[in-house]
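Residue numbers (UniProt numbering), protein chains in the order written: chain G, 1 to 852; chain X, 1 to 286.
The hints are simulated quantities; they were obtained by calculation from the structure and are not laboratory data.
Cβ coordinates follow ideal geometry from the N, Cα and C atoms, glycine included.
You may find that some hints are simply not true.
Label pairs and their computed distance ranges (CB to CB) [stated by the list, open to error]:
1) X:Thr75 x G:Arg140: 39 to 45 Å
2) X:Pro168 x G:Glu635: 52 to 58 Å
3) G:Gln136 x X:Glu154: 52 to 58 Å
4) X:Gln274 x G:Ser319: 19 to 25 Å
5) X:Glu107 x G:Asp500: 54 to 60 Å
Covered stretches of chain G (chain X as the covering partner; in silico rule of three or more C-beta atoms under 8 Å from a C-beta of chain X) [said to hold, decoys possible]:
6) 128 to 140
7) 320 to 330
8) 450 to 457
9) 785 to 794
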Amino acid sequence: MNADTETSSLVLAGPHGAGGAFPNGNGGPAGPHFFGYDEVRDPHGMTRAHWQPFYRHAPDLSGPEFTRRWRDGQRVIRENGVTYNVYGDPHGMTRPWQLDPIPFLLTPRESADLEAGLVQRGRLFERILADLYGEQRLLREGLIPTSLVYRNPRFLRPCQGIRPPLGQYLHLYAANLARAGDGSWRVISDRTQAPSGAGYALENRIVVARTLPEAFSACRVQRLATFFQTLITALRAIAPRNKDNPRVVLLTPGPYNETYFEHSYLARYLGYTLAEGGDLTVRDNRVYLKVLGDLQPVDVIFRRLDDDYCDPLELRPDSFLGVPGLMHAVRTGNVAVANAIGSGLVESPAMMAFLPQLCRRLLGEELRLASARTWWCGDPESLRYVLDNLADLVVKPAFPLRNHTIPAMDCLDTATTADRIRAMPHAFVAQERLPMSMSPTLTADGVQPRKTVLRLYLAAHGDSFDMMPGGLCRFGPSADSELVLMQAGGGSKDTWVLTDGEVNPFSLLPAKDTPIELTRGGGDVPSRAADNLFWLGRYAERAESLARLLRCILSRLSERSSAAESPELPALLRTLSAQTDGKPKGEADVLPALYNRDDPNSLTTTLHDLHGAAGLVRDRISLDMWRVVNRAARETHRDERPTYADALDDIDVTILRLAAFTGMVVESMTRTDGWRFLDLGRKIERAMHLRHLIHDTLAVPQPAENAILDAVIEVCDSRMTYRRRYLGTLRFEPVLDLVMFDESNPRSLASQLATIADDVNNLPRVTTAARGPDQRLSLAALAALQTTEVEKLATVTGGRRLELIDLLHKLGEWLPQLSNALTQQYLSHLQKSRHLSNAMTATFAPPPSVFP
Amino acid sequence: MIRYRILHRTRFTYTEPVSLCHNMAHLIPRECPWQFCEQSQLDVTPPPAVLDTRTDCFGNMATHFAVQEPHRELTITAVHRIGVLARLRPNAAQTPPWEDIRDRVPEWLHAVQFLHPSCYVIAAEELGRYAMESFTPRRPILDAALELTHRIFEDFQYDPQSTTVSTPVLEVFANRRGVCQDFAHLQIACLRSIGLPARYVSGYLSTTPPPGRPRLVGADASHAWLSIFCGEAGWVDLDPTNDQVAGDRHIQIAWGRDYDDVSPVKGVILGGGQHKVEVSVDAEPC
Numbered sequence: 001m002n003a004d005t006e007t008s009s010l011v012l013a014g015p016h017g018a019g020g021a022f023p024n025g026n027g028g029p030a031g032p033h034f035f036g037y038d039e040v041r042d043p044h045g046m047t048r049a050h051w052q053p054f055y056r057h058a059p060d061l062s063g064p065e066f067t068r069r070w071r072d073g074q075r076v077i078r079e080n081g082v083t084y085n086v087y088g089d090p091h092g093m094t095r096p097w098q099l100d101p102i103p104f105l106l107t108p109r110e111s112a113d114l115e116a117g118l119v120q121r122g123r124l125f126e127r128i129l130a131d132l133y134g135e136q137r138l139l140r141e142g143l144i145p146t147s148l149v150y151r152n153p154r155f156l157r158p159c160q161g162i163r164p165p166l167g168q169y170l171h172l173y174a175a176n177l178a179r180a181g182d183g184s185w186r187v188i189s190d191r192t193q194a195p196s197g198a199g200y201a202l203e204n205r206i207v208v209a210r211t212l213p214e215a216f217s218a219c220r221v222q223r224l225a226t227f228f229q230t231l232i233t234a235l236r237a238i239a240p241r242n243k244d245n246p247r248v249v250l251l252t253p254g255p256y257n258e259t260y261f262e263h264s265y266l267a268r269y270l271g272y273t274l275a276e277g278g279d280l281t282v283r284d285n286r287v288y289l290k291v292l293g294d295l296q297p298v299d300v301i302f303r304r305l306d307d308d309y310c311d312p313l314e315l316r317p318d319s320f321l322g323v324p325g326l327m328h329a330v331r332t333g334n335v336a337v338a339n340a341i342g343s344g345l346v347e348s349p350a351m352m353a354f355l356p357q358l359c360r361r362l363l364g365e366e367l368r369l370a371s372a373r374t375w376w377c378g379d380p381e382s383l384r385y386v387l388d389n390l391a392d393l394v395v396k397p398a399f400p401l402r403n404h405t406i407p408a409m410d411c412l413d414t415a416t417t418a419d420r421i422r423a424m425p426h427a428f429v430a431q432e433r434l435p436m437s438m439s440p441t442l443t444a445d446g447v448q449p450r451k452t453v454l455r456l457y458l459a460a461h462g463d464s465f466d467m468m469p470g471g472l473c474r475f476g477p478s479a480d481s482e483l484v485l486m487q488a489g490g491g492s493k494d495t496w497v498l499t500d501g502e503v504n505p506f507s508l509l510p511a512k513d514t515p516i517e518l519t520r521g522g523g524d525v526p527s528r529a530a531d532n533l534f535w536l537g538r539y540a541e542r543a544e545s546l547a548r549l550l551r552c553i554l555s556r557l558s559e560r561s562s563a564a565e566s567p568e569l570p571a572l573l574r575t576l577s578a579q580t581d582g583k584p585k586g587e588a589d590v591l592p593a594l595y596n597r598d599d600p601n602s603l604t605t606t607l608h609d610l611h612g613a614a615g616l617v618r619d620r621i622s623l624d625m626w627r628v629v630n631r632a633a634r635e636t637h638r639d640e641r642p643t644y645a646d647a648l649d650d651i652d653v654t655i656l657r658l659a660a661f662t663g664m665v666v667e668s669m670t671r672t673d674g675w676r677f678l679d680l681g682r683k684i685e686r687a688m689h690l691r692h693l694i695h696d697t698l699a700v701p702q703p704a705e706n707a708i709l710d711a712v713i714e715v716c717d718s719r720m721t722y723r724r725r726y727l728g729t730l731r732f733e734p735v736l737d738l739v740m741f742d743e744s745n746p747r748s749l750a751s752q753l754a755t756i757a758d759d760v761n762n763l764p765r766v767t768t769a770a771r772g773p774d775q776r777l778s779l780a781a782l783a784a785l786q787t788t789e790v791e792k793l794a795t796v797t798g799g800r801r802l803e804l805i806d807l808l809h810k811l812g813e814w815l816p817q818l819s820n821a822l823t824q825q826y827l828s829h830l831q832k833s834r835h836l837s838n839a840m841t842a843t844f845a846p847p848p849s850v851f852p
Numbered sequence: 001m002i003r004y005r006i007l008h009r010t011r012f013t014y015t016e017p018v019s020l021c022h023n024m025a026h027l028i029p030r031e032c033p034w035q036f037c038e039q040s041q042l043d044v045t046p047p048p049a050v051l052d053t054r055t056d057c058f059g060n061m062a063t064h065f066a067v068q069e070p071h072r073e074l075t076i077t078a079v080h081r082i083g084v085l086a087r088l089r090p091n092a093a094q095t096p097p098w099e100d101i102r103d104r105v106p107e108w109l110h111a112v113q114f115l116h117p118s119c120y121v122i123a124a125e126e127l128g129r130y131a132m133e134s135f136t137p138r139r140p141i142l143d144a145a146l147e148l149t150h151r152i153f154e155d156f157q158y159d160p161q162s163t164t165v166s167t168p169v170l171e172v173f174a175n176r177r178g179v180c181q182d183f184a185h186l187q188i189a190c191l192r193s194i195g196l197p198a199r200y201v202s203g204y205l206s207t208t209p210p211p212g213r214p215r216l217v218g219a220d221a222s223h224a225w226l227s228i229f230c231g232e233a234g235w236v237d238l239d240p241t242n243d244q245v246a247g248d249r250h251i252q253i254a255w256g257r258d259y260d261d262v263s264p265v266k267g268v269i270l271g272g273g274q275h276k277v278e279v280s281v282d283a284e285p286c
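Based on the sequences and whatever the hints tell you, model everything.
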């Protein structure tokens with residue numbers, strides 16, 4: 001590291017500080033110049049005024065203090081599971097969110113100008129949408145070419161004639177902006193259907209404000225929370241009923257979407273239920289959330305699903321991410337969707353070429369904030385210009401084309417591009433190439449300049465909009481890269497909007513001015529979430545049972561000198577076999593059962609399954625629970641062949657993590673039906689493991705049974721209790737009583753069955769008159785244990801404890817049946833929708849009687 | 001004027017119960033100057049929880065219905081009494097040259113939306129070339145279109161086994177066979193490929209042949225044809241399956257850009273296993 005420590009001037013200078021492009025506060029030698037606008041330095045090489053407080057208060061970026069804090073910050077990102085799914089990434093689906101610690105700064109004046117410009121743009125889009133889905137005067141008057149609308153797959157005919165609640169189309173609108181060479185801002189694209197990134201902006205703020213607290217407070221940065229309050233108010237206002245406290249769901253395409261993290265994060269932050277299309281159903285033209293044994297009416301859908309995916313009946317038929325019948329529910333005014341379905345029409349790049357004239361016509365104003373100059377090639381004059389200046393322009397599809405695919409134009413030479421444009425001019429637009437501004441970014445090679453694009457957000461406020469005092473700033477993967485795309489490997493920055501006045505310390509707590517009906521519920525657990533919680537419980541318990549068994553085996557393997565010293569090992573290995581793949585296990589199989597990632601039953605794989613299951617219910621478990629699971633999944637990997645001692649260390653850590661998880665399940669989760677499913681999953685899984693353990697160790701009496709009995713109480717974590725009750729004397733009956741029948745021992749089989757029966761009894765039921773199959777099964781299992789005499793089970797006939805085997809066999813049949821009964825009763829409407837369409841073929845085949 | 005009684009029954013049977021279905025139907029005939037409904041009824045069994053009829057963006061009657069109780073069978077019965085008048089047919093030789101219509105299309109907003117590719121109709125060079133054999137320079141538009149209709153009738157074979165609803169128009173063009181729907185899509189694609197608006201019409205064809213006239217293909221089933229835009233002369237309906245201008249034996253239900261806009265019944269079901277569909281159509285003069 002460069003030893004230069006003059007923090008006021010060189011904070012941003014990395015190891016190559018002298019050659020870096022960033023300010024030397026004394027106006028010293030400027031680094032090499034690049035084309036475009038420098039965010040930090042003015043043309044004379046002086047630090048811009050609004051950056052000075054930042055430099056004065058930020059720690060030295062190469063110093064130990066910053067390094068430590070930043071490592072903490074990155075850990076938070078990892079542990080909070082801030083991820084961005086990258087399609088086609090061979091190294092797994094998610095990767096950590098790339099965040100740069102150096103924020104992007106906007107002066108109060110600049111942000112006020114941007115806000116005024118974007119608010120006008122938002123109002124303009126509202127008017128355009130209302131016209132194109134209504135009277136279409138703009139087409140009649142020729143202000144927008146008809147083919148831009150009629151050819152545009154984003155123009156959704158089923159939306160024609162629908163007036164959204166309050167006439168509002170956009171409730172959350174985002175625009176991407178970049179700077180021109182003179183530093184002025186241009187809009188380069190708009191996001192009007194389901195803008196992403198506002199949640200990442202929140203997360204970035206939390207991490208960066210924690211990393212640079214002194215600079216953050218010295219710079220007087222505006223808080224983000226008021227913006228989200230505005231959004232909540234806007235979504236409440238469009239509810240067709242229950243305006244005081246409407247049920248709002250956040251509709252997500254699901255965990256495989258690139259920004260799923262953000263969907264669950266925002267849902268939690270805004271207090272909405274996260275729902276996939278399959279969680280919702282339309283009945284009587286109303287939308288309902290499928291919860292356990294019930295349907296609950298939904299008033300507002302805040303969607304992160306693109307327009308045409310919203311309803312497979314009237315929109316795109318090839319996707320079932322949406323809700324069949326939703327379009328008609330919207331049409332009949334029974335549900336509000338934000339943004340209104342069809343809003344994507346105005347984000348077509350071609351629309352930008354027409355905004356100035358539309359603004360004059362619709363608002364009677366000049367467009368305040370310019371777009372990057374855009375030419376739509378469907379216009380002959382524009383086409384000529386584009387073909388003449390192709391090298392200086394960025395060519396984009398004018399709108400998505402369903403039947404044709406347009407390859408990335410970047411990799412084509414100019415001549416080929418020109419040919420393609422000539423063949424289908426209306427399908428392309430060209431945009432001026434903006435130089436973009438350069439921002440300092442911390443890289444492995446120190447602080448380096450990166451081209452930056454800013455995404456700003458607006459929320460509807462009455463008939464206007466409020467801008468988020470912040471945003472998502474993104475940069476490219478290298479200094480000359482113009483590809484500022486998260487998919488392409490760039491990163492993001494927190495955006496600090498500075499204020500001259502006081503910082504509003506508002507935080508997103510429940511509104512104080514409106515009375516809220518008290519509720520103990522939160523019981524709206526979608527059936528899908530219950531299913532996932534059930535599996536979360538099963539994986540958590542599976543991992544713990546396996547870890548305890550492996551610890552017991554490994555401790556014996558690491559201590560003994562010969563097999564004779566551990567007569568219980570064969571029995572434990574039999575149990576291991578029963579708990580994994582059923583194949584016989586030897587000593588050589590023990591470490592793979594812990595570490596082998598390719599074995600679907602290994603502990604490592606189970607921990608990853610647990611992590612995956614937790615990822616599906618991110619919105620239902622606490623951040624701490626997620627962190628624990630996240631760590632457990634990451635920390636069982638070893639590059640070198642581990643020794644038994646290493647393995648024991650790893651298992652100890654894993655068991656502690658799982659214990660922490662279980663502790664939070666017990667101590668921190670409210671007892672909703674969702675919690676009950678999680679608990680049921682745990683208890684059913686543990687009961688199954690106990691059944692295996694008891695069967696494989698005790699069904700056939702062994703000569704050295706004491707060692708086996710000791711191992712059993714060790715695996716069951718019941719040694720302490722046993723010692724206290726019976727001192728050192730190990731006998732079959734007391735051990736069996738403790739691990740099988742004693743309901744006061746939370747590790748006993750009877751305790752699991754009692755809890756299961758209790759949980760099952762508390763699940764919602766339509767009728768209480770007759771017991772459901774789940775209740776009958778759980779009661780039968782519990783009763784079988786409660787009516788058995790322990791002493792009888794000790795009887796050995798023909799070298800086997802037949803009564804014990806018989807009882808365990810019955811339990812072995814009931815437990816899976818119980819699991820199935822629960823699925824059938826509560827989760828069965830997780831069926832998939834299908835089309836009737838292909839059946840229509842027959843409509844056109846004339847009946848044979850007519851054509852002999 | 002001829003009066004018709006139309007009975008159109010569609011019956012779906014499922015191997016497993018369907019717990020919920022949402023459907024959209026285009027089964028109620030739209031009215032226009034040459035066609036009016038004296039009586040129109042749409043019955044669904046089991047009784048639907050929702051049954052709404054609205055005017056869609058093309059002016060057709062679209063019916064939404066949902067059955068929310070478990071069922072193994074769904075029957076949709078449409079019964080209509082309709083009067084159809086003979087239409088005035090413009091004198092083909094006096095229609096404007098086709099290039100004039102092509103160049104003036106933007107003046108007619110209602111026609112423009114039938115100019116562009118749609119779900120089942122794509123524009124393609126080979127289709128344009130095929131059309132151009134009839135659309136010679138300055139030829140009156142309807143005159144040329146009638147010849148194109150005739151050529152499709154001659155060049156293509158009616159073959160119910162050859163295609164399904166989703167057979168692409170280029171495949172139909174290459175194989176030279178199909179059903180009424182394919183021929184309608186094909187001629188629409190030919191016309192749009194040379195810049196002329198054309199729309200898809202779904203409807204019925206009356207079965208009883210008047211004395212001395214041949215029985216027509218497509219009788220007693222849903223039928224489909226197309227309509228070409230001839231400027232001030234309006235839209236003219238052409239039936240390439242039967243090589244004729246649609247007259248008072250063609251009873252229209254709805255029109256749109258292609259089949260997808262006006263399919264008689266489409267739906268999304270929950271459950272159901274395998275399903276089977278039976279359709280019967282009866283269109284008799286009364």
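Right, here's what the structure says about each hint:
| no. | hint | in the structure |
| --- | --- | --- |
| 1 | X:Thr75 x G:Arg140: 39 to 45 Å | holds (44 Å) |
| 2 | X:Pro168 x G:Glu635: 52 to 58 Å | holds (54 Å) |
| 3 | G:Gln136 x X:Glu154: 52 to 58 Å | violated (41 Å) |
| 4 | X:Gln274 x G:Ser319: 19 to 25 Å | holds (23 Å) |
| 5 | X:Glu107 x G:Asp500: 54 to 60 Å | holds (56 Å) |
| 6 | 128 to 140 | holds (count 3) |
| 7 | 320 to 330 | holds (count 3) |
| 8 | 450 to 457 | violated (count 0) |
| 9 | 785 to 794 | violated (count 0) |
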